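Protein chains in written order, with the working numbering: chain A, 1 to 379; chain B, 1 to 379.
Everything labelled a hint here was simulated from the structure, so no lab data went into it. A quick note: this is a predicted structure, and the numbers were derived from the prediction, not measured. Among these hints, one or two may not hold up.
It does not matter which identical chain is meant; a pair holds if it fits inside one copy or across any two.
Unchecked claim - List of simulated lysine to any residue pairs, SDA-like, C-alpha gap at most 25 Å: (1) Lys260 to Arg50; (2) Lys55 to Met77; (3) Lys346 to Gln22; (4) Lys260 to Arg191; (5) Lys346 to Asn215; (6) Lys248 to Asp356; (7) Lys260 to Asn215; (8) Lys55 to Phe376; (9) Lys346 to Tyr21; (10) Lys346 to Val126; (11) Lys248 to Ser325; (12) Lys252 to Val19; (13) Lys252 to Asp178; (14) Lys346 to Thr42.
There are 2 protein chains.
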Amino acid sequence: MNDSEQAPLISGEGEVGFVEYQDFVSREPFCFESGGSIPELTVRYETYGRLNAAKDNAVLICHALSGNHHCAGVHSMEERKQGWWNFMVGPGKPIDTSRYFVVCSNALGGCSGSSGPDSINPETGVRYKLDFPKLTVRDMVSAQSLLLDSLGIDRLHAVIGGSMGGMQTLQWAIDFPDRVGRYIALACCARHNAQAIAFNGTGRQAIVQDPVWDNGNYDPEQPPGHGLSVARMMAHITYLSDAGMEAKFGRKRRSSSAGKEHFDVEFEVESYLRYQGQSFVTRFDANAYLYLTKALDRFDLHGPDSLDATLSAVTAPGLVVGFTSDWLYPSQGNREVAEALLRVGKDATYAELAMDFGHDSFLLRSPELYDLIRCFLVR
Amino acid sequence: MNDSEQAPLISGEGEVGFVEYQDFVSREPFCFESGGSIPELTVRYETYGRLNAAKDNAVLICHALSGNHHCAGVHSMEERKQGWWNFMVGPGKPIDTSRYFVVCSNALGGCSGSSGPDSINPETGVRYKLDFPKLTVRDMVSAQSLLLDSLGIDRLHAVIGGSMGGMQTLQWAIDFPDRVGRYIALACCARHNAQAIAFNGTGRQAIVQDPVWDNGNYDPEQPPGHGLSVARMMAHITYLSDAGMEAKFGRKRRSSSAGKEHFDVEFEVESYLRYQGQSFVTRFDANAYLYLTKALDRFDLHGPDSLDATLSAVTAPGLVVGFTSDWLYPSQGNREVAEALLRVGKDATYAELAMDFGHDSFLLRSPELYDLIRCFLVR
């Protein structure tokens with residue numbers, strides 16, 4: 001695609017600017033699918049744009065495993081880290097905040113403000129740790145539905161998300177057909193295959209075998225950084241692609257291979273991954289990582305009857321997008337969801353984008369992806 | 001392929017039976033490519049079949065990273081574990097011990113009898129640990145050449161190996177053109193791509209961040225099992241394939257998902273990988289794992305000039321075999337080696353086998369692979 005073709009996507013784009021997160025707190029017990037409960041629920045979220053008088057222009061964004069509620073704008077002059085989908089969300093952007101009231105909520109069970117294993121149990125005054133109830137993707141969606149209730153939003157214009165966010169998106173369409181106007185699920189699947197479980201299981205072993213983990217009872221100031229960083233390094237490889245890594249890093253070296261043997265960084269790609277691992281430890285809770293990956297491994301739209309039966313509950317039109325280079329949630333698994341939707345008579349579209357950056361392709365600036373999302377939101 | 005077609009492969013096959021390893025010990029200093037040296041060298045090996053009077057029927061088998069010298073037969077009634085390539089090596093088998101004198105030597109730098117970081121330095125009486133010199137694939141081949149000298153073998157009928165063994169095989173053809181009659185390199189590459197380095201680098205981080213590793217100075221009775229087992233679990237995933245894992249494990253469960261959250265085994269594939277990780281710790285030295293993976297990451301037939309220039313040294317005819325489902329050393333990388341060989345006028349054949357079991361396909365019983373190897377050895 002040449003510059004002149006790309007230009008219309010850029011023109012008129014603006015930034016959402018400074019944003020602040022908010023906390024929705026429900027003092028009612030929140031019940032989990034597993035039967036467990038917590039005495040109160042917090043959902044942290046950000047919004048961009050304005051809710052219209054009819055309250056029918058809300059778009060809910062569901063984030064991925066390591067994402068959070070901060071998907072657009074910046075928090076302050078001091079804390080200028082742009083939201084993780086800032087390219088996508090803003091005035092004139094594909095998720096156009098001059099048209100839509102955009103809500104991005106932090107996932108239940110995570111560690112960035114919503115209730116999770118690291119939260120204080122108000123009944124005991126101490127962190128839940130492994131007393132936090134068993135978590136499912138359905139629980140995440142259920143918590144988000146309470147947030148929307150509190151905002152007076154009965155029906156969403158759209159739900160959208162990639163990866164774990166794509167699973168939440170599908171769950172929204174299944175569990176709340178009357179509240180979803182349309183949905184877009186990116187880089188997701190109906191359930192994990194054995195390889196995805198294998199990677200998650202190995203990451204969990206890295207954490208729970210770290211003696212510092214201490215059955216979940218570590219001091220938050222002294223987390224099991226060894227295990228968590230290794231889990232993240234490994235997972236990060238699965239978010240990229242062979243070709244993408246080769247183009248970005250190849251065999252570039254950070255240090256010469258001369259001298260005595262050592263196991264410090266030698267190749268550029270090692271340096272990159274170590275940074276990813278180390279920075280993750282400063283922003284992510286190990287127990288939350290365990291809970292969230294378990295929720296993903298257990299997510300299974302084929303159960304209890306069949307994929308077709310599960311998807312029969314859907315009423316909204318949907319767009320499912322797979323990426324050719326995604327080997328964590330291969331495009332085939334995305335297509336499978338769309339095909340099942342069509343088989344049971346739903347209004348569904350499948351798009352497969354040829355992007356070289358693996359699973360994380362949905363996070364990248366791509367005119368094709370932007371056009372797809374922009375068009376589907378206004379159809 | 002139907003049974004009647006497969007039958008000829010099986011008929012006449014026999015077992016090599018009981019075997020014993022032997023140690024070749026050189027009291028001369030052994031010099032490494034890096035400039036380092038060790039005061040003496042041990043190479044552990046097994047042989048099967050008989051060396052003929054002309055001493056021209058020897059086939060050298062090079063093993064992969066976690067393999068060893070025990071590739072066929074069993075050691076005793078008590079220790080009845082068959083060698084790792086027992087399907088392939090024996091009377092009437094593709095590497096036919098009624099025709100060939102087969103030698104399988106333990107790789108230098110490993111931990112199964114040949115000199116490595118866990119060996120005792122005879123000058124100091126203590127283990128080398130990280131004082132072991134920096135290791136390359138060329139060093140492994142150089143040590144093997146001394147073993148062959150000691151056996152009176154000037155020229156090999158063939159060299160064969162897969163994965164790390166394939167790299168050694170190529171290095172043999174390059175470094176000792178006069179000593180190699182033909183060679184077969186399976187599931188290998190001219191050099192690691194960024195993704196392969198990334199997985200190895202993450203595995204090394206799992207080990208070196210394990211406090212028990214202690215900069216390599218751990219007690220061999222108390223190894224850094226946490227780090228090593230996680231490294232192995234992750235690596236093991238890369239040896240398999242998406243489709244192969246799905247066929248073998250799918251989402252089969254070992255335990256129900258009911259009750260309180262826990263991080264014990266839930267899925268069958270988790271159980272399998274944990275066993276792989278734990279058993280590896282009992283048979284593999286963590287420092288050896290670090291040294292060997294470094295040697296693999298640094299292996300680069302494109303340097304110092306070009307792949308074509310490096311391969312110009314080859315004189316023997318070669319067969320390179322890639323496997324379609326191998327995503328660690330993709331078939332494309334195998335084909336690249338064969339294409340370069342042809343480009344510089346060498347006698348080379350490339351075969352690509354459609355097998356579903358990923359990188360480890362070369363270890364599996366496959367009529368197509370057997371026929372290829374059998375035919376190429378007698379051509």
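Point to revise | Enumerated hints in conflict with the structure, sorted upward | key: Checked against the structure, the hints that fail are numbers 1, 2, 3, 5, 9, 10, 12, 13 and 14, while the rest are satisfied.
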